[in-house]
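**Q** One-letter residues, chain by chain:
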Amino acid sequence: MGTSKKVVIIGGDAAGMSAASVAKRKDPNLQVIVFERGPHTSYSA
Amino acid sequence: MARTPEEFRTKQQIDVRVLHEVVGIDPKAGRVRVVDLSANREWWEPYDHLLIATGAVPLRPKVPGADAAGIYGVHTLESGIRLRKILDESRPARAVIVGGGYIGLEMAEAFLLRGMQVSLVEKAPQVMGTLDEDMAVHIAQALTDRGVTLHLNEGLEAFEVRDGRVRAVITSQRSLETDIVLLGMGVVPNTDLAREAHIPLGERGAVRVDRRMATQVEGVWAAGDCAESFHRLTGRPIHVALGTVANRHGRVAGMNMAGGEASFSGVLGTAVTRICSLEIARTGLQTRELEALGRSFVSRTIESHTRAGYFPGSGRIHVKLLADSDTGAVLGAQIVGEEGAAKRIDVMAAAITAGLTAQEVSELDLGYAPPFSPLWDPLIIAARLLAKDAP
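Same order as they appear, the protein sequences are chains R and F. Heads up, the first sequence is in full-length UniProt numbering, so the first residue is 1 and it goes up one at a time. Heads up, the second sequence is in full-length UniProt numbering, so the first residue is 1 and it goes up one at a time.
One or more of the hints may lead you astray.
Restraint-style ranges between C-beta atoms, simulated for each label pair [claimed, not checked]:
(1) F:L19 x R:K26: 25 to 31 Å
(2) F:G315 x R:K26: 52 to 58 Å
(3) F:T149 x R:K26: 48 to 54 Å
(4) F:A292 x R:K26: 36 to 42 Å
(5) F:S175 x R:K26: 30 to 36 Å
(6) F:T234 x R:K26: 29 to 35 Å
(7) F:A69 x R:K26: 22 to 28 Å
(8) R:P28 x F:R94: 51 to 57 Å
(9) R:P28 x F:R167: 53 to 59 Å
(10) R:P28 x F:D192: 32 to 38 Å
(11) R:K26 x F:T76: 27 to 33 Å
(12) F:I86 x R:P28: 28 to 34 Å
Hints listed in this document are in silico derivations from the structure and should not be mistaken for laboratory results. From the three backbone atoms N, C-alpha and C, an ideal C-beta is built for every residue, glycine too.
Could you put the whole structure together from the sequences, leaning on the hints where they help?
**A** Dropping the structure here:
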């Protein structure tokens, strides 16, 4: 399980950023990329 | 409030790329097509797990003139900032709001606070369709008292446009001259990407997911306003576009994508809002939903006070409880009242989750002191009366 997996998230709002935060906390080796078409991310998670 | 992309990057090592749009999903190859909007660059980005969190988009009316300038929706931080700038700069005197739901009512308050003249058009016979009609009348009364002109039972038919700008809202009954129009007609899941990639959709066009927030396509997950939820009481799929639900979805999807085990526990449709000083709350199933399910139920509506009647700041509160007429289990609750009313709904959300009967709710050991409630909390009074009609 040494290879780090990659998570891609489409959308940097409440759901996307919550998921990104939780995934990264659960597995710090995970590569997490969030694509957001707007200029902001939103909601603290 | 909002955390910036830089904070996500430096504090959590999350690679956030704003102004990047995903324009296609290729689930077979496990990759997405990305466009960097600021650099005009495009490429395929591979993934092991993909989360679709594309949100919802406001319903745009398909009526003549709907593309005119001066017609706004508020569904993102940017659209809210843009509208505020316009209000600050051009100081419109009149607003017509189309739709009497959460967005419509919250924006009515914002416009009133700016001293604007506000009319609200709603095609249903009541505002706030997520509450029963006998509870919504209290909201309508409060809106009228605060100066909002309500036009219920009036469908939007067209916008009158002059020089490319909206001048009036034409309803089935009248023409309302205005400076700006605010659309609060609800939202639909933004699932074009998912549909094009043949990822199955479900309730109201939201992405179909299981309780782990997995779609029916391997490696693809969905969360937030674009994804389905399920109702705790019926087990049926339901689409709820709320920030609380989106955060809960996101946590479950994030945990599972990282190799953990998490399951979404469903929704009761709990929601609260406020229009000026009037607080509005609901949870569980309302009359319309129970009738559609063919459930036999009883309901009770009471009027009481938010604090001890003699205590300064005590205000009116209306509580409606609904229960299964065979088992007595509480199925729904609605509250409309002054300060301190709304968050009482959380007691009922907990009670419904625990499967408590009206009798059991009436026996709850709730807190009392004059600043917080009458000796008998309004929930206790309503539950006690309801228990007389249900076992």
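**Q** Can you list which hints this structure breaks, lowest number first?
**A** Hints 2, 5, 7, 12 are the ones this structure does not satisfy, whereas the remaining hints hold.
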